[in-house]
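For reference, the chains in residue letters:
Number of protein chains: 2
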Amino acid sequence: MGNYKPLTKREAIEYVKQVQGIFSDNADLECEEIGDGNLNLVFHICDKNSDQSIIIKQALDHVRIVESWPLTKERVRFEYKAMDIQDKLTNGMVPKVYKFDEELALIVMEDLSDMTVMRKGLIAGEKYPHFADQISTFLSKTIFYTSDLYLDPKEKKEKVKEFINPELCKITEDLVFTDPYYDAETNNINPELRPYLENEFWKKNELRKEVTILKEKFMTKAQSLIHGDLHTGSIFINQEAIKVFDAEFAFYGPSGFDIGAVIGNLILNYASWTGKKVSREFKNDYRNYLLETIKNIWNEFEMKFRSFWDKDAHEVIKAVDGYQDAYLTQLLQDSIGMGGCKTMRRCIGLAHVEDLDGIEDLKKRAEAQIFALKIGEAMVIRRKKLNSIEDFIKIVQKITNQEDA
Amino acid sequence: MGNYKPLTKREAIEYVKQVQGIFSDNADLECEEIGDGNLNLVFHICDKNSDQSIIIKQALDHVRIVESWPLTKERVRFEYKAMDIQDKLTNGMVPKVYKFDEELALIVMEDLSDMTVMRKGLIAGEKYPHFADQISTFLSKTIFYTSDLYLDPKEKKEKVKEFINPELCKITEDLVFTDPYYDAETNNINPELRPYLENEFWKKNELRKEVTILKEKFMTKAQSLIHGDLHTGSIFINQEAIKVFDAEFAFYGPSGFDIGAVIGNLILNYASWTGKKVSREFKNDYRNYLLETIKNIWNEFEMKFRSFWDKDAHEVIKAVDGYQDAYLTQLLQDSIGMGGCKTMRRCIGLAHVEDLDGIEDLKKRAEAQIFALKIGEAMVIRRKKLNSIEDFIKIVQKITNQEDA
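As given, the protein sequences belong to chains U and E, one line each in that order.
For the first sequence, full-length UniProt numbering puts the final residue at 405, and the numbers step up evenly by one.
For the second sequence, full-length UniProt numbering puts the final residue at 405, and the numbers step up evenly by one.
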């Protein structure tokens with residue numbers, strides 16, 4: 001990447017003019033930089049003479065909010081390669097890529113700003129009746145067809161090698177599995193939450209032990225090519241479709257991590273209504289919708305995963321009685337456990353979510369955070385007893401009833 | 001490896017003369033090819049004018065006994081690199097390497113033929129009172145200091161990448177975890193054993209399921225740099241020292257696989273006395289020695305591993321109460337489970353061991369094999385209940401008592 005430099009808006013326009021097949025010669029392009037994340041420049045370029053527009057995502061070589069935290073730009077290659085695989089497997093559930101430029105560490109891709117970032121939709125109380133079907137398709141296809149269940153073992157190991165992504169994994173290892181469980185400097189703590197953390201949460205030895213067991217699984221278990229950061233802010237959605245983006249954390253990891261990320265982020269939204277000025281009726285209805293969605297995600301995931309297995313798994317695996325059930329039970333438990341960690345980190349760790357941080361009253365925010373932490377804790381501690389997603393839903397309902405009582 | 005060719009004995013002598021610092025100029029060298037394995041040429045070259053000698057191990061590009069089974073010669077690189085790491089960590093518990101030649105796919109190394117291959121020693125009924133101490137040092141150092149417990153996560157992942165070794169792993173996946181559990185063509189079956197396999201063993205669905213769960217762990221869990229083939233035929237021994245060799249299967253896998261390989265091969269020897277003409281007194285005494293050795297291997301391993309952890313693990317890991325205990329319990333269970341698979345494959349699969357195949361009477365051999373299979377099965381099925389190595393010893397003793405009754 002010898003000629004790497006961060007683009008200016010003007011340079012972004014010049015760059016995209018050279019990419020064939022996007023804009024016509026008489027396009028009148030304008031550019032905005034809209035990156036709101038921590039790691040990248042994001043240019044939105046549109047043609048004032050038509051309705052055409054594109055996105056350029058360019059990696060910076062440091063973390064935006066902590067300039068002294070360097071990051072290699074090769075993460076763009078992981079993102080591009082993962083998108084390519086996800087695209088083929090899911091028949092287009094990721095943004096279309098027009099160009100990948102390794103030297104400039106950028107991807108030119110489809111503009112999806114006419115869709116909604118799912119987190120914003122959930123905060124606004126929107127419902128997406130097809131989401132469980134859509135995301136379970138994304139999850140089941142990407143998880144099954146990149147695993148040893150389907151791939152030739154040699155090909156799978158070559159993929160593991162290709163997707164060794166230590167830097168981005170390190171962020172997850174620290175920010176999801178380590179720092180939230182003690183008073184780490186990187187944490188970002190609502191002062192109204194601090195007493196609960198100091199007096200209760202950080203004294204939970206069993207929880208910290210189980211989180212560390214899950215962390216080791218995250219660090220060692222190369223099961224599938226996972227997205228690695230599949231929260232509701234990485235999903236564009238409308239009533240017809242979803243598009244999953246921001247795959248730069250992709251690597252070969254435990255399959256449950258992606259499933260857990262989706263569930264954990266729905267739980268964060270679920271918890272957030274505790275602190276919001278909405279009617280009890282709305283709250284109950286929306287929470288039921290969220291739990292129904294979680295239930296459907298897992299159950300549809302399971303159904304699809306089993307059908308791929310029955311059709312496309314290696315013959316020797318198919319011949320093992322009971323293995324499919326055992327595999328799925330383990331995967332459910334991993335998913336809920338990892339999802340619990342994803343839930344808790346967003347209440348304590350460096351990076352928060354708008355679902356909770358949008359609650360301006362810090363006391364109310366702390367109430368919602370504690371509620372989320374209690375569910376997250378139960379997800380980790382009780383995961384090994386779960387035999388179905390319904391078992392998990394009951395746990396959430398029980399904690400909710402205690403909360404409301 | 002453009003200039004690769006298998007060496008003749010004459011060429012091996014010419015080659016080694018060029019390697020500085022081994023033989024003197026007036027050496028009178030003679031060479032024997034002593035490879036008895038399936039994958040390599042092994043030249044033993046000695047100087048008739050002195051007591052100096054060396055070994056050249058050169059990879060063939062096919063499996064000796066199945067010429068149509070091609071293998072890349074790059075496995076020599078894995079062996080060399082693993083030996084280098086093992087040598088540094090264990091202060092010389094592997095043969096000294098004089099030269100690694102990637103092009104010719106060979107390693108020139110220390111000749112240890114004045115030591116005994118441990119398998120032969122055990123078959124002869126020898127005792128090695130320091131073995132538990134020695135192998136537990138080898139295991140604890142190589143397992144701890146190549147894991148995430150000690151290494152920087154980035155460095156560890158670079159090592160995982162460097163040691164992606166799909167071809168050799170595939171051999172283990174097939175021959176240890178798959179083929180023995182059904183009537184596969186690759187199996188090598190004593191006709192006197194076949195009725196037991198057909199009427200009982202291959203109907204054990206629970207066993208096959210649990211073996212497949214262990215296989216998935218072998219295929220996905222990159223926990224430590226393991227030797228990958230640590231049977232008693234890969235260990236030179238005498239009353240003073242051990243040297244571990246044949247590391248070409250090395251890769252980042254589950255730590256329990258190496259521990260299990262050692263235990264499983266001691267169990268194979270343990271079972272073999274069923275079919276041999278020895279006094280009951282000798283048999284009981286030697287079996288007690290073997291069980292005592294297994295017990296000491298684990299307990300000394302655990303003690304050393306804990307001491308490395310307390311001294312050298314990452315601070316954040318040290319701070320997690322109860323994690324060390326949980327880690328070691330899981331490792332014990334993995335070790336015994338993987339060891340059970342290693343035990344069973346040697347009774348049914350392609351590659352057998354002399355401990356059992358040395359029993360010429362096929363009926364008696366089948367008795368010993370069935371005994372070994374019963375212990376192997378218990379190792380897999382009951383592993384999750386084990387809290388100490390003593391729990392395992394009791395299981396072996398119980399099966400032995402039933403056998404003798």
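Honestly, the hints are just simulated from the structure, not real lab data.
Built from N, CA and C at the ideal position, the CB exists for glycine as well.
One should not assume that every hint holds.
[As the list claims (entries may be wrong)] Result set (PhoX-like, lysine-lysine): computed pairs, CA atoms no more than 25 Å apart in a straight line:
1. E:Lys161 with E:Lys81
2. E:Lys170 with U:Lys161
3. U:Lys374 with U:Lys204
4. E:Lys384 with U:Lys217
5. E:Lys154 with U:Lys154
6. U:Lys283 with U:Lys204
7. E:Lys364 with E:Lys283
8. E:Lys141 with U:Lys217
9. E:Lys398 with E:Lys385
10. U:Lys217 with U:Lys120
11. U:Lys159 with E:Lys170
12. E:Lys374 with E:Lys394
13. E:Lys398 with U:Lys217
14. E:Lys161 with U:Lys170
15. E:Lys5 with E:Lys88
16. E:Lys17 with E:Lys73
17. E:Lys99 with E:Lys17
18. U:Lys318 with E:Lys5
19. E:Lys81 with U:Lys161
20. E:Lys161 with U:Lys81
21. E:Lys364 with U:Lys73
22. E:Lys159 with U:Lys81
23. E:Lys170 with U:Lys311
[Said to hold, decoys possible] Computed footprint of chain E on chain U, listed as stretches where at least three residues anywhere in the stretch have a Cβ under 8 Å from a Cβ of chain E:
24. 88–98
25. 158–164
26. 206–218
27. 311–323
For each hint, the structure was consulted:
Distance check on the hinted pair: E:Lys161 and E:Lys81 sit about 13 Å apart at the alpha-carbon level, within 25 Å; holds. Of the pairs offered as hints, the one joining E:Lys170 and U:Lys161 holds, with about 16 Å between alpha carbons and a cut-off of 25 Å not exceeded. Using a Cα cut-off of 25 Å, the hinted pair U:Lys374 and U:Lys204 holds, with the two alpha carbons roughly 12 Å apart. For the suggested pair E:Lys384 and U:Lys217, the alpha carbons sit about 18 Å apart, so the restraint of at most 25 Å is met.
Note on E:Lys154 and U:Lys154: the hinted pairing holds, with a Cα-Cα distance of about 23 Å set against a maximum of 25 Å. Restraint check for U:Lys283 and U:Lys204: not satisfied, since their Cα atoms lie roughly 30 Å apart, outside the 25 Å limit. Under the criterion of a C-alpha separation no larger than 25 Å, the hint pairing E:Lys364 with E:Lys283 is consistent with the structure, at around 15 Å. The straight-line distance between the Cα atoms of E:Lys141 and U:Lys217 is roughly 21 Å, inside the 25 Å bound, and the hint therefore holds.
For the hint linking E:Lys398 to E:Lys385, the alpha-carbon distance of about 16 Å falls within 25 Å, and the restraint holds. In summary, the hint linking U:Lys217 to U:Lys120 is not supported, as the alpha carbons are separated by about 31 Å, beyond the 25 Å threshold. For the suggested pair U:Lys159 and E:Lys170, the alpha carbons sit about 15 Å apart, so the restraint of at most 25 Å is met. At most 25 Å may separate the alpha-carbon atoms for a hinted pair to count; E:Lys374 and E:Lys394 meet this at roughly 14 Å.
As the CA atoms of E:Lys398 and U:Lys217 are separated by approximately 35 Å, the hinted pair breaks the 25 Å bound. As the CA atoms of E:Lys161 and U:Lys170 are separated by approximately 16 Å, the hinted pair is consistent with the 25 Å bound. With a C-alpha separation of about 31 Å, the suggested pairing of E:Lys5 with E:Lys88 is violated against the 25 Å cut-off. About 23 Å separates the Cα atoms of E:Lys17 and E:Lys73, which keeps this hinted pair within 25 Å; it holds.
Restraint check for E:Lys99 and E:Lys17: satisfied, since their Cα atoms lie roughly 12 Å apart, inside the 25 Å limit. For the given pair, U:Lys318 sits about 42 Å from E:Lys5 by alpha-carbon distance, which is inconsistent with the 25 Å threshold. A distance of roughly 17 Å separates the Cα atoms of E:Lys81 and U:Lys161; the hinted pair therefore holds under the 25 Å criterion. Note on E:Lys161 and U:Lys81: the hinted pairing holds, with a Cα-Cα distance of about 17 Å set against a maximum of 25 Å.
For the given pair, E:Lys364 sits about 64 Å from U:Lys73 by alpha-carbon distance, which is inconsistent with the 25 Å threshold. About 22 Å separates the Cα atoms of E:Lys159 and U:Lys81, which keeps this hinted pair within 25 Å; it holds. Pair hint E:Lys170 plus U:Lys311 holds up; C-alpha atoms about 23 Å apart against a cutoff of 25 Å. Check on the segment 88–98 of chain U: 0 of its residues sit with their Cβ under 8 Å from a Cβ of chain E, so the three-residue criterion for coverage is violated.
Only when three residues or more bring their CB closer than 8 Å to a CB of chain E does the claim for the segment 158–164 of chain U stand; here the count is 4, and the claim holds. Closer than 8 Å: that is the beta-carbon criterion, and the segment 206–218 of chain U has 6 residues meeting it against chain E, so the requirement of 3 holds. Given as covered by chain E, the segment 311–323 of chain U passes the check, having 7 residues with a CB less than 8 Å from a CB of that chain where 3 are the minimum.
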